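Quick note: the sequence shown, position 32, residue 188 per my numbering, numbers continuous.
These are calculated hints, taken from the structure and not from any lab test.
Values in this document were obtained by computation on a predicted structure and should not be read as measured data.
Some hints here could point you the wrong way.
[Stated by the list, open to error] Derived lysine to any residue pairs resembling SDA-like cross-links, with alpha carbons at most 25 Å apart:
id, residue 1, residue 2
1, Lys158, Arg200
2, Lys158, Thr176
3, Lys158, Gly188
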Amino acid sequence: MKFQHLPIGAHFEFEGRCYTKVGPLVAAEEGGGQRMIPRYAVLRGLNDVAAAAAPITVPQLEAAEVSAAFAEFEQLAGQMLHEATNADPARQAAVQAALTVAGQVFRNRLNIK
């Protein structure tokens, strides 16, 4: 487990020594003293508090929700770009074409039609 996944107060072992997490980057050693724990460190939890600190799961979004949100973004971005091009029809067409291509790249990346 990684240090950032532990709650404050969790007990763990690192490099053969026992520590308690006291801050986002710092742990207190059982015998006294403090130490910064590197992000790459792999730790062994020593109590139930550490075991309860499982990785956070992110809820899955439905394709329809993502598509609707992106369509709303495209509409608003299109309006802002239209206003920013100062009513120059050629420039507006070029910007709209670029926005359309960017939208298709986004949908293709997420496999959304």
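**Message:** Need the list of violated hint numbers for this structure, in ascending order.
**Reply:** none
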